[in-house]
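Go by the hints and put chain B onto chain A.
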Amino acid sequence: MSLVEADTRAGAAVAAGAQPRRRPPVRKLILNLISVVIGIGLWWGFSLAGHDIPAPPAVLTRAGELIADGTLAADVLASLTRVLAGFLLGVALAVPVGFLMGWYAPVRALVEPWIQFFRTIPPLAIIPLAIVLMGIEETPKIFVIFLASFLSCVIATLQGVVGVDRTLINAARVLGANDRIIFGRVVIPASSPFILVGMRVGLGSSWATLVAAELIAAQQGLGYRMQSAQLYYDLPTIFVGLITIGVLGLGMDRILLLAEKRLTSWQETR
Amino acid sequence: MISIEHVRKVFPLNGREFVALGDVSLELAGNEFVTVVGPSGCGKTTLMNILAGLETPSSGRALVNGAPVTGPGPERGVIFQQYALFPWLTVRENVEFGLRNKGVPKAERRRIADHFIELVGLGKFAGALPKTLSGGMRQRVAIARAYAVNPSILLMDEPFGAVDAMTRVRLQEQLLATWDREKRTILFITHDVDEAVFLANRVVVMAAHPGRIAEIVDVGLPYPRTDEIRLSPAFTALRNRVWSAVHHQEPVP
Chain A
73 MSLVEADTRA GAAVAAGAQP RRRPPVRKLI LNLISVVIGI GLWWGFSLAG HDIPAPPAVL
133 TRAGELIADG TLAADVLASL TRVLAGFLLG VALAVPVGFL MGWYAPVRAL VEPWIQFFRT
193 IPPLAIIPLA IVLMGIEETP KIFVIFLASF LSCVIATLQG VVGVDRTLIN AARVLGANDR
253 IIFGRVVIPA SSPFILVGMR VGLGSSWATL VAAELIAAQQ GLGYRMQSAQ LYYDLPTIFV
313 GLITIGVLGL GMDRILLLAE KRLTSWQETR
Chain B
507 MISIEHVRKV FPLNGREFVA LGDVSLELAG NEFVTVVGPS GCGKTTLMNI LAGLETPSSG
567 RALVNGAPVT GPGPERGVIF QQYALFPWLT VRENVEFGLR NKGVPKAERR RIADHFIELV
627 GLGKFAGALP KTLSGGMRQR VAIARAYAVN PSILLMDEPF GAVDAMTRVR LQEQLLATWD
687 REKRTILFIT HDVDEAVFLA NRVVVMAAHP GRIAEIVDVG LPYPRTDEIR LSPAFTALRN
747 RVWSAVHHQE PVP
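Chains as they are written, first to last, in the working numbering: chain A, 73 to 342; chain B, 507 to 759.
Think of the hints as simulated: they come from the structure by calculation, not from any bench.
Source: prediction; values computed, not measured.
There could be a bad hint or two in this list.
Said to hold, decoys possible - Covered stretches of chain A, going by a simulated chain B footprint (3 or more residues, C-beta under 8 Å): (1) 240-246; (2) 250-261.
What the hints assert, rightly or not - One side only, chain B facing chain A, incomplete, derived with CB under 7 Å: (3) His512; (4) Pro545; (5) Pro578; (6) Val584; (7) Gln588; (8) Trp594; (9) Phe603; (10) Lys608; (11) Pro611; (12) Tyr729.
Note that CB positions come from ideal geometry on N, CA and C, so glycine has one too.
Next up, chain A with everything else stripped away, as it sits in the complex (with noise of 0.2 Å):
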């Protein structure tokens, strides 16, 4: 086989979609890998120079202790239930909120003053608030949660809905779709990266709102743990809750990530 006719098979390996300028994912994985080892160095070191902190062993042993006796199942299993409900319901409500908004110039006009003034509230803020009107039980916790998911979601999904290409628009018009078809075949497909990123934008800003959540009148929960364990000075047991929050987190990340990989491969700039 030549040389041209070598470059021509890549040629056609390009044109059918393969991804070239991808590097080799073992690599990545090893720069990955690298750069945690590296993390857990500088923490050992800055423990061993004297700081108040922790070593690895001791945050090892005592989550091997919280694990042993149920406690980090249990509060792990009230924090994920608090998140994804509240995540979940703000993302189910954020996605037809931005679409009508989007679509329809009255809607919006209606919503957004009140979206944006709801924005500039740090969702924390509304915590007093929402324990005094809903109790102390799950309700406030989860609303806040949801607020927080829904804010970031439903703002994004907006601007993909205004940002579609009119060309596009008039092009399904033109071949003879409806409003209905627009809004299935083109808006929602053309909307769906910024919706994906409203998403791990929302993901993200559940989990922040999460532990704060917790810290008030909580009797499990990740973030309750490391409050009580604030009150007897035990530095292992709140870093083992920091360290599961980010470990979920990026979990839940990915998952998302991968799904927009997976919904959002048609796009051009990657």
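For chain B alone, coordinates are given in the frame of chain A:
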């Protein structure tokens, strides 16, 4: 077939009125290939959008087959300058889009789509996403998509404006070959004088401020248009005539 009667289109622009089209009248016969050429701002795209039913004239009217245009219709296919392919659909799904809207059954849809994908020479790429195609290939998908719904009229807005010169010549030849096999009435907008003369039965030269028809040139060269025709003195003479009409326009009387 197509009849444009005293169409005027005015847009508001910075608090003033911008006359995109001032009293334009034009008739197209069935299966005629008419190109529209003119400087930017002469309202050629506005004219096309009015025929497509995407814009309404401020006064006057556009008739297609005797009926006034009130919106997009299945008898009019449109090919946009920016291809306007749905990037999340494969080539075949793009071509099937209009057929789906018409309620054509799945198997039939696929048969028709494959026929037109083959016609524009993209048979191997039916399952590919638009992002993997070159500009010229994308434009051919757009042509196949417009043809698939079987419109009797094709409105094309500078469809080859964004492709390189070599590809453009090939696309022109392919378009004529396709038109020869599947006759349509075509209104083709371009800013390229050579392209306008090479493709058309008639060239409509437009002028700007306000947008209006400056001159209509009958081409009268035989089809199929070959390289010999492109290089013939007759072609050059017509090309020069259209060129002068476009580039030496007198200001508004």
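Structure-based check of all given hints:
1. Only residues whose beta carbon comes within less than 8 Å of a beta carbon in chain B count, and the stretch 240-246 of chain A has 6; three or more means the coverage holds.
2. Beta-carbon proximity to chain B at under 8 Å applies to 5 residues in the stretch 250-261 of chain A; the threshold of 3 is reached and the given coverage holds.
3. At its closest, the beta carbon of His512 (chain B) sits 24 Å from a beta carbon of chain A; the interface hint therefore is violated under the 7 Å criterion.
4. Interface hint at Pro545 (chain B): violated, since its Cβ lies 22 Å from the closest Cβ of chain A, which is beyond the 7 Å cut-off.
5. Look at Pro578 (chain B): its Cβ gets to within about 4 Å of chain A, closer than 7 Å, so that hint holds up.
6. Interface hint status for Val584 (chain B): upheld, as the beta-carbon distance to the closest one in chain A is roughly 4 Å, under 7 Å.
7. The closest approach between the C-beta of Gln588 (chain B) and any C-beta of chain A is roughly 5 Å, which is under the 7 Å cut-off, so the hint is satisfied.
8. Taking 7 Å as the C-beta contact cut-off toward chain A, the hint placing Trp594 (chain B) at the interface holds, the least distance being around 4 Å.
9. Using the Cβ-Cβ criterion of 7 Å, the hint placing Phe603 (chain B) at the interface with chain A is satisfied: the shortest such distance is roughly 5 Å.
10. With its C-beta approaching chain A no nearer than about 6 Å, Lys608 (chain B) sits inside the 7 Å limit, and its interface hint holds.
11. A least Cβ separation of about 16 Å between Pro611 (chain B) and chain A goes past the 7 Å threshold, and the interface hint is therefore violated.
12. Interface hint at Tyr729 (chain B): violated, since its Cβ lies 27 Å from the closest Cβ of chain A, which is beyond the 7 Å cut-off.
In this structure, the hints that do not hold are numbers 3, 4, 11 and 12, in rising order.
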